Amino acid sequence: MTNPLVERILAGETPAQVKRAAAKGALPLSREEFVELWVLLRNDQDPEVRIACKESLAALKEEEWDALLPGYEFHSEVLDFAIRVLGKNERIRKAALKNRAVAVETLEWLGENGEGEILDLMLDNQVRLLREPSILEAILRNRTLSSSQVRRIYDLVEQFFRTHPRIPALLERRFGLKLGAAGGAFTMNVPEPGGVSAGPEAIPSPIQPSVVPGLGMKEPAGVQPEPSHEALELPPEALVEEDLSAEQYKSLYQQILAMSIPAKIELALKGNKEARSLLIRDSNKVVQEAVLDSPKLSELEIESFARQRNLSEDLFRKMARNKEWTKRYSVVKSLVANPKVPIGLVLQFLPRLTDLDLKLTIKDRNISDAIRREARKLWDARNSRKTAAYKKK
Numbered sequence: 001m002t003n004p005l006v007e008r009i010l011a012g013e014t015p016a017q018v019k020r021a022a023a024k025g026a027l028p029l030s031r032e033e034f035v036e037l038w039v040l041l042r043n044d045q046d047p048e049v050r051i052a053c054k055e056s057l058a059a060l061k062e063e064e065w066d067a068l069l070p071g072y073e074f075h076s077e078v079l080d081f082a083i084r085v086l087g088k089n090e091r092i093r094k095a096a097l098k099n100r101a102v103a104v105e106t107l108e109w110l111g112e113n114g115e116g117e118i119l120d121l122m123l124d125n126q127v128r129l130l131r132e133p134s135i136l137e138a139i140l141r142n143r144t145l146s147s148s149q150v151r152r153i154y155d156l157v158e159q160f161f162r163t164h165p166r167i168p169a170l171l172e173r174r175f176g177l178k179l180g181a182a183g184g185a186f187t188m189n190v191p192e193p194g195g196v197s198a199g200p201e202a203i204p205s206p207i208q209p210s211v212v213p214g215l216g217m218k219e220p221a222g223v224q225p226e227p228s229h230e231a232l233e234l235p236p237e238a239l240v241e242e243d244l245s246a247e248q249y250k251s252l253y254q255q256i257l258a259m260s261i262p263a264k265i266e267l268a269l270k271g272n273k274e275a276r277s278l279l280i281r282d283s284n285k286v287v288q289e290a291v292l293d294s295p296k297l298s299e300l301e302i303e304s305f306a307r308q309r310n311l312s313e314d315l316f317r318k319m320a321r322n323k324e325w326t327k328r329y330s331v332v333k334s335l336v337a338n339p340k341v342p343i344g345l346v347l348q349f350l351p352r353l354t355d356l357d358l359k360l361t362i363k364d365r366n367i368s369d370a371i372r373r374e375a376r377k378l379w380d381a382r383n384s385r386k387t388a389a390y391k392k393k
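Residues in the sequence shown are numbered from 1 upward in steps of one, following the numbering used here.
Just so you know, the hints here were simulated from the structure itself, not pulled from any lab data.
Remember, it's a predicted structure, so these values are computed and weren't measured experimentally.
Mixed in with the good hints there might be a few duds.
BS3-like, lysine-lysine: derived pairs with alpha carbons at most 30 Å apart [as the list claims (entries may be wrong)]:
(1) Lys250 x Lys327
(2) Lys94 x Lys318
(3) Lys359 x Lys323
(4) Lys363 x Lys327
(5) Lys250 x Lys94
(6) Lys363 x Lys333
(7) Lys333 x Lys359
(8) Lys296 x Lys98
(9) Lys318 x Lys285
(10) Lys323 x Lys250
(11) Lys250 x Lys273
(12) Lys285 x Lys333
(13) Lys98 x Lys61
(14) Lys377 x Lys327
(15) Lys94 x Lys363
(16) Lys333 x Lys296
(17) Lys98 x Lys359
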């Protein structure tokens, strides 16, 4: 929170009429700042402020919540309010989940009480689960887990939490699942009442990519101890922000090959651009997505990744969802020109292209016919409007 006026209102340092004006949305503040004030003042001692805040919150439409919640650095109480109080609306709850400032206590509550797609989204965010294993413990206590979700948890525990002091025991007690040797079979005993069905079900692929951004990560106690947390040191070559020599780059590449998955994730978040350029091509999707979660990632790197044709569709979807990245025209242009980007993503960006780039898209034989047809329609529509406008003159 950076606005001094907002801070003074919350600290009780402004006249009562200023607080009442804020509650009614009658101050020169951004929409995000109003939302924060309304949530934090909804239980104010002044009944006029309380009522006005609740009325202002009730007037907010679902679309506004969906647009505001993911990107702004809200106070954690605002996100908790969105998840617990407004959470019956799944769209609002999903939007709040995308915000990296959601408190661990809120995620623990949601892990134990959420269901369906919400739990899938929480399991997708493996970077956060590694940072806060208590969230996974809460999910394991959830009574609505499906068989496929239990399978995903089993694979997560097998890969990252084998030595955690509580999670493997909780998995066994709750579902009768014991961790075996790597690659061991998944067999589930009949669960307690209210748990998941023990009947046969198609099992999805084990580890899914992370979706919600993670912050600077430290390896939690549950991660496999090779290398041990005490011994884990990032290669010096990975931390130098200057361009590496060919020898340094080769050394970094060799060290990354020998790293454990948790170490690669930490390196993806903390390392330099050379480390990220190597890790974005890692075979593990969690590592790849951690690269996109790095706070050090530059727009030029995103532009470079958007051009690469050996990345997964999930990575391109993550790039396309980030409004800050797609504000950059060169990123949009690179995504459209990349034949590996899903057609649905490309179609949403086509109208952003200039006439020249639209024409180049029409002629590009590497791009799918469906995209080129849509580009042709856009081109024709634009030119017909220009022709009509010219004739009116």
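Here's how the hints hold up against the structure:
1. Lys250 x Lys327: Answer violated: Lys250 to Lys327 is near 34 Å, above 30 Å.
2. Lys94 x Lys318: Roughly 15 Å between the alpha carbons, so the hint for Lys94 and Lys318 holds.
3. Lys359 x Lys323: Holds, because 25 Å separates the two Cα atoms, which is no more than 30 Å.
4. Lys363 x Lys327: holds, 25 Å
5. Lys250 x Lys94: violated, 42 Å
6. Lys363 x Lys333: holds, 15 Å
7. Lys333 x Lys359: Measuring from Cα to Cα gives roughly 12 Å; hence the hint holds.
8. Lys296 x Lys98: holds, 19 Å
9. Lys318 x Lys285: holds, 12 Å
10. Lys323 x Lys250: violated, 35 Å
11. Lys250 x Lys273: holds, 14 Å
12. Lys285 x Lys333: Holds: Lys285 and Lys333 sit about 25 Å apart, inside 30 Å.
13. Lys98 x Lys61: Holds - the C-alpha atoms of Lys61 and Lys98 are around 18 Å apart, at most 30 Å.
14. Lys377 x Lys327: holds, 24 Å
15. Lys94 x Lys363: Not satisfied, since the Cα-Cα distance of roughly 39 Å exceeds 30 Å.
16. Lys333 x Lys296: holds, 23 Å
17. Lys98 x Lys359: violated, 36 Å
Going down the numbered hints, you'll see the structure goes against 1, 5, 10, 15, 17, while the others check out.
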